[in-house]
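S.K.: Following the hints, put chain S in place on chain X, whose structure we already have.
Chains X and S, in that order, give the protein sequences.
Numbering of the first sequence is given in full-length UniProt numbering, commencing with residue 1 and proceeding in unit increments.
Numbering of the second sequence is given in full-length UniProt numbering, commencing with residue 1 and proceeding in unit increments.
Since the hints were made in silico from the structure, they are not lab data.
Misleading hints may appear alongside valid ones.
Claimed, not checked - As a list, the in silico SDA-like pairs of lysine to any residue whose alpha-carbon atoms are at most 20 angstroms apart:
no., chain 1, residue 1, chain 2, residue 2
1, X, 429, S, 91
2, S, 118, S, 179
3, X, 429, S, 179
4, X, 429, S, 88
5, X, 429, S, 129
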Amino acid sequence: MAARLVAIIAAVTVAGLVIGPVTAVILRAEAFTGFTAADWQALRFTLLQATLSAALSVVFAIPVARALARRRFVGRGALVALLGAPFILPVIVAVLGLLAVFGQSGLLNRVLEPLGLPELQIYGLHGVLLAHVFFNLPLATRLILQGWLAIPAEQFRLAATLGMGRRAIWSAIEAPMLKRIVPGAFAVIFVICLSSFAVALTLGGGPRATTLELAIYQSMRFDFDLARAAVLGLLQLALALTAGLIALRVTSLPVAAKAFDRAVPRWDRTNASARIVDAVWITIAALFLLTPLAMVAVNGLTGITQLGPSVWQAAGHSITVALGSTALCVLWALPLATRWGEWLGLAGIALSPLVLGIGLFLIVRPFANPFELALYVTATVNAFVSLPFVLRILRPETEAIRADYTRLRQAVGLSGWAWLRWVLLPRLKRPLGFAAGLTAALSMGDLGVIALFADPDRATLPLKVYQLMGAYRMEQAAGGALLLLLLSLGLFWLFDRGGWVGTAT
Amino acid sequence: MALRLEDIHVRAGTFDLHASLSIEPGARIAVIGASGSGKSTLLDVIAGFRMPERGRLYWAERDITRLAPADRPVSILFQDINLFPHLTIGQNLGLALNPVTGRLRNDDASTIENVLAKVGLAGFAPRRLSEMSGGQQSRAALARVLVQARPVLLLDEPFAALGPALKDEMLDLVTEVARAENLTVLLVSHDPKDALRFAPQTIVVDDGQVFAPQDTRTLLDNPPPGLKAYLGGA
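Here chain S stands alone, though its shape is the one from the complex:
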């Protein structure tokens, strides 16, 4: 049931990004590297927004390299626009449940209420994004990916706009639901503190190379030269 990147090559801006690694199911992994190093490109390849020039992507030994984003076992939270702002939270989650018609079926309402309760937003279904605080909006976005119920969750710095305390709160919430649902999570961040808080393992992206997951604490205590330069001796 592992997520495996086999000799993936993809153009990331002006350089080639290369990745060959395997991620264990249920792992929580931080992806760190300088801006422009290709962190988001890596997530785009896994989510299906970008086709690699070469290489294969497997989930549970099934080749998913060519699948459309919605057909993959993957859900993703972007930096912004994770929900449609003109719809209520309930309608948004309804769309995620039934992306073909967008209409609610019989037990959808209770499914939505359950998920909202899990992220601490019980009773928020009739609200719109504009009626919610930044932290609540993040929780609603998380509810969207939980409704999609995909085994792999990609987080492309979705909490970057939150204050430090709220961000920590969200990371703890993701940890909690990821454990409960046995999700495999990749979190892109430029903050090593996020990695320490959230992810036992970390992937470093540097100079066109995606390195295999390593123990976060060991890595940050003893960073390789490229990462050291980025962290600025932290």
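Here chain X stands alone, though its shape is the one from the complex:
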């Protein structure tokens, strides 16, 4: 009975967090007079960049995934593991890394300049695309690699028996697999890029490179036009819902790593030209992903020793927010780790953090100064956004534990508390540690709703780094970014590792 009550409370608060802010936004949007040309421009740009980002990520992911699927080499495992890293990599860190490589005074320009080639410009559409491909190429590669590794070995054996050539293998085995996997990968990345905010904030901007999310932020921060922010929020919501429902039909969320180190025996990989092509793709992908991160580490090393007290204070805020949001997310997820709970949690994907933020702002405003509550709102929104991923990780294991031990639980007569304390939590430790690590790292690196409520006294570390960037204090920004990277990865590592300590089966 008590367990049921807890589940209902969790469901009601999550549903309330959807319905309340959305209602507030709808009510507020009534005062709206009409879309401006800039709004249409933002909608167009949002769709354009999401389409291009998804297309580029998938197109480049295909040769990389194929190379990873059919080659064994030293460091393959590390590279595949690295493909999972962007999920918890703070956007602002990646942006600083990309700037260090592709920016005005970045590595690439320093190489191009003596050659007399034109200088690269990173700001605008191509900068946004670059960052989106940086984040989503790994995701697309993992999805497609999964597809490749799922092809039964017998099919390649049969192909070898029949003496099928590369072309025949492609059209009979590989192309049909890609036809199944690629639309899903495209859809997921499209949805992710639709609500792109931090990338557009840092690398986009201006009337030609403003996403809807960024437009919401601007109408809030610069014009304080709440009605317009609300209408843009509704537009964003409708867009994300439509795209999200379509994506849901064609794909599933990939979160936890499946078995990627399975060797698929193939007989068609001895060809020298194919080997060279694979090596080139793997090298390009590794350089593209690793160089920016290496630059963050290198550039940050001097800066991290010179961080001012306000940066440390922001780091403290971020850690508190990350831990609070992890606790809240786990409290929600444990009772909601069921089929219908997972459906409810999907709202966390459809509802963009900025829309949620605006809604909460409108609700809170009559009672309190929303800017004072910035950190609480951020922690809540972060927990909400992580919920679908956490549920996706916890649900299968939770259901397996229930299926295996419910009869024994009843035979012994365990109370709800004893079940939770002695059976569910201990047995759930590993996935729970992993899920908590993801939530903490995501929250640590989040630069979204906090920007709406920005206030010098209540900045989080990602926001602080963004502000330092804006003030052209690049050395300090680089130091802050390195600190942020270390904290994000550190939190993830601590939680994930906590799940493995003293676990026995």
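M.R.: Just chain S, lined up with the frame of chain X:
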């Protein structure tokens, strides 16, 4: 103090199972029948994992038909998963003693040691299942139901995975503790040798009907047609 099934009807897969019988306290009874005949369903009804469509279940003239499994005077050993594998044997028995908090009280440790000694596992409290042999795991499971101290013990083929010698050893151990604690025991088995070894009386489940306990030896020497077909002329 008898266990009485009064006109019980329950759905077992595609057919109805009917039982109307009484079991004397302290009896050791085998339940035999073909697979899918409803042996486990019968045990589930007595243990409270399944509600009968009709009929009543009494223990000592008290109606226990609607009680939750943990509130019945019944403990049960399943075919598998009789203990939580991530906990030590001591923690498992602690949970069985205090299912509300799971924490040990003052004299619980000595209670647990006593029970473990009874099943031949003295000193095994700090071990986990993974550190024990199949026979020891069965003994630990038996310790769990002894800690629960319920007058009725149901065994749903818990020793099926053991080799013949170990199984006989376990059946003898159950006989011994059942005598000592005056337990009423129902043992589901598909092996007539188990019935002969363990149970003076046997219940036959056949064609949706649960027959009243009969003398095991007489029954097996002269089986009714349904049982004869199942035993294959044994």
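S.K.: Does each hint fit the structure? Answer for all of them.
M.R.: So, going through the hints one by one against the coordinates:
As the CA atoms of residue 429 of chain X and residue 91 of chain S are separated by approximately 18 angstroms, the hinted pair is consistent with the 20 angstroms bound. This hinted pair checks out: residue 118 of chain S and residue 179 of chain S have alpha carbons roughly 13 angstroms apart, not beyond 20 angstroms. Annotation: proposed proximity of residue 429 of chain X to residue 179 of chain S is violated, straight-line Cα distance about 42 angstroms (limit 20 angstroms). This hinted pair checks out: residue 429 of chain X and residue 88 of chain S have alpha carbons roughly 17 angstroms apart, not beyond 20 angstroms.
Restraint check for residue 429 of chain X and residue 129 of chain S: satisfied, since their Cα atoms lie roughly 19 angstroms apart, inside the 20 angstroms limit.
Checked against the numbered hints above, the structure breaks only hint 3 and satisfies the rest.
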